[in-house]
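Each protein sequence line maps, in turn, to chains A and B.
With the numbering used here as the guide, the letters of the first sequence map in order to residues 529 to 820.
With the numbering used here as the guide, the letters of the second sequence map in order to residues 8 to 250.
To be clear, the hints were calculated from the coordinates, so they are not data collected in a lab.
Ideal placement from N, C-alpha and C gives every residue a C-beta, glycine not left out.
Just so you know, not all the hints are guaranteed correct.
If you anchor each label on the Cβ, the simulated ranges turn out as follows [as the list claims (entries may be wrong)]:
#1 B:Ala121 x A:Pro622: 41 to 51 Å
#2 B:Ala42 x A:His619: 29 to 39 Å
#3 A:Ile634 x B:Lys128: 54 to 64 Å
#4 B:Leu140 x A:Pro706: 12 to 22 Å
#5 A:Pro706 x B:Ala121: 25 to 35 Å
#6 A:Leu783 x B:Ser74: 49 to 59 Å
#7 A:Pro616 x B:Thr112: 51 to 61 Å
The primary structure of each chain is shown beneath.
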Amino acid sequence: MTAVQVWQFFLSGLTTGGTYALIALGFSLVYNATGVINFAQGEFVMLGGMITAAAMAAWGLPLWLAALVAVAITTIVGLVLDRAAIRPARHSSPVVLVIITVGASIFIRGLASIIWGPDERPLPAFSGDTPIVILGATITPQSLWVLGATLVTALIMWAVFEYTIVGKAMRACAINPPAAQLCGIELSRMVSWSFALAAAIGAIAGIVLAPVTMAQYNVGAMLGLKGFCAAILGGLGNGLGSILGGLVLGVLEALGAGLISSQYKDAIAFIVLIAMLLIRPSGILGREGSDD
Amino acid sequence: MLRLTSIDASYGRVQALRRISLHVGAGEIVSLIGANGAGKSTTLEVISGLIRPDSGRIVLGEQDVTSWRPGRLVRAGIAHVPEGRQVFGSLSVEDNLLLGAYSRTRSSREEIAADLQAQYKRFPRLHERRRQLAGSLSGGEQQMLALARGLMSRPKLLMLDEPSLGLAPIIAHQVLAEVKRLRDEGLTVLLVEQNARAALRIADRGYVVETGRIVLEGTAQDLLDNPEVQRAYLGRAYGEIWE
Chain A
529 MTAVQVWQFF
539 LSGLTTGGTY
549 ALIALGFSLV
559 YNATGVINFA
569 QGEFVMLGGM
579 ITAAAMAAWG
589 LPLWLAALVA
599 VAITTIVGLV
609 LDRAAIRPAR
619 HSSPVVLVII
629 TVGASIFIRG
639 LASIIWGPDE
649 RPLPAFSGDT
659 PIVILGATIT
669 PQSLWVLGAT
679 LVTALIMWAV
689 FEYTIVGKAM
699 RACAINPPAA
709 QLCGIELSRM
719 VSWSFALAAA
729 IGAIAGIVLA
739 PVTMAQYNVG
749 AMLGLKGFCA
759 AILGGLGNGL
769 GSILGGLVLG
779 VLEALGAGLI
789 SSQYKDAIAF
799 IVLIAMLLIR
809 PSGILGREGS
819 DD
Chain B
8 MLRLTSIDAS
18 YGRVQALRRI
28 SLHVGAGEIV
38 SLIGANGAGK
48 STTLEVISGL
58 IRPDSGRIVL
68 GEQDVTSWRP
78 GRLVRAGIAH
88 VPEGRQVFGS
98 LSVEDNLLLG
108 AYSRTRSSRE
118 EIAADLQAQY
128 KRFPRLHERR
138 RQLAGSLSGG
148 EQQMLALARG
158 LMSRPKLLML
168 DEPSLGLAPI
178 IAHQVLAEVK
188 RLRDEGLTVL
198 LVEQNARAAL
208 RIADRGYVVE
218 TGRIVLEGTA
228 QDLLDNPEVQ
238 RAYLGRAYGE
248 IWE
């Protein structure tokens, strides 16, 4: 095992980690607004890739337009999930709501398999396949797209929550819902915003990932679980933690697969999850015993 | 300005308010006094829409506002400064104030900025600490922030729940003096206080709440002079009263 190999694993880990980071961000957004873990988050990722692939194949749209359509449709699916499934049950306990999201994810997956069939759908890499060599390790241009999308999305989210009144209102709702209501902030509207944002971010992750792994109706479940592990690892509800958790998880997975055995690749995420819940349940950046 | 008629309300299966009727006239300070758990806070929560009443009517001005959502009531001119301040601890002082103006979608940026400066003028401490996280303020400063945040919505009716709770006596006195000044500027105030003496000193009228019912009402002076009130809420011993 040479240093270059480790460096190579590290780089490819960052790529998958970028996707996990975006998915984790979606988990945190919805969790902050509702206290619910939305297990349909992975389906947003699946929809992003599938709709892009389908729109290019069926309607002959250029990639950028197909991607835009995919983000728009997925965002609408997120809003419908909130309106049709979460809001009618909003007075139920979080456990009930979590189960509803599990049901919704199965429903969306089933619908996708009926519409698009069970086949894998390729998506062309955005800017060719010529590998780029960085310090002896190679990285595909698509990996840079994934990392770039993660970075840009994270920066946009940061700006929204730091500088816009709607972003601050969403934070206020997460900190103290009754006090936010007394400021005239409509909780239900903030929940809609969080679902819309989470769905859009999930779709973006799915679109940039699809050329790497192919789009298929059933990729959402595993990606969702990985994103959930990343969110727990970084500290559920913490934006920066979600990004960090995603990248760390991706790198750990790649190193584990490379150094131990690729058969254990998926197991590593869950070992990390269990270890984290045992050692530091609040996550890397989560404060212990804190609820804001 | 505000009239409650025969309000019943409950927390889950526990009935918290029974046939509460009260009114607050424009430009008055009206105080609700009573023991812990008597239903004072619940009354405010029903008015601000956090709790829906089981029955009864709430009229604001000429409008029936029973069962309106909190956001709509804020826009209609009711500001509720909740017990325990409830500032947004991990947001800056200034962000807390700006969120207080969240409901004012019709106001321009300049108007809101001007109101922000007005609050800073009223509470210079908040101006000094405007970039700090609200959670890092002292109790008294947090109470000022909660009050200023409520005022940022430009209310007609300001409802304060235990503004002096947990504050040093001198700070509590300053907060209540500020409330009186606000009334003198034309604001209508509904004040809930456990410190009945302090509340009645600045109030025009008061209601005594016991186990979810209003048992007594009158001018602030009448209540201060009432032997029952003195015994139960003003901490005077029997001996003093009979002397």
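Cross-check of the supplied hints:
Between B:Ala121 and A:Pro622 the beta carbons are some 42 Å apart, a value that agrees with the proposed interval 41 to 51 Å. For B:Ala42 and A:His619, the Cβ-Cβ distance of about 31 Å falls inside the hinted range of 29 to 39 Å, so the restraint holds. One distance hint, 54 to 64 Å for the beta-carbon pair A:Ile634 and B:Lys128, holds here, with the actual separation near 58 Å. Between B:Leu140 and A:Pro706 the C-beta distance comes to about 20 Å, which sits within the given range of 12 to 22 Å.
Checking the proposed 25 to 35 Å range against A:Pro706 and B:Ala121 shows it holds: the Cβ atoms sit about 29 Å from each other. Roughly 58 Å separates the CB atoms of A:Leu783 and B:Ser74, a value that falls within the hinted 49 to 59 Å. Between A:Pro616 and B:Thr112 the Cβ separation comes to about 27 Å, which falls outside the hinted range of 51 to 61 Å.
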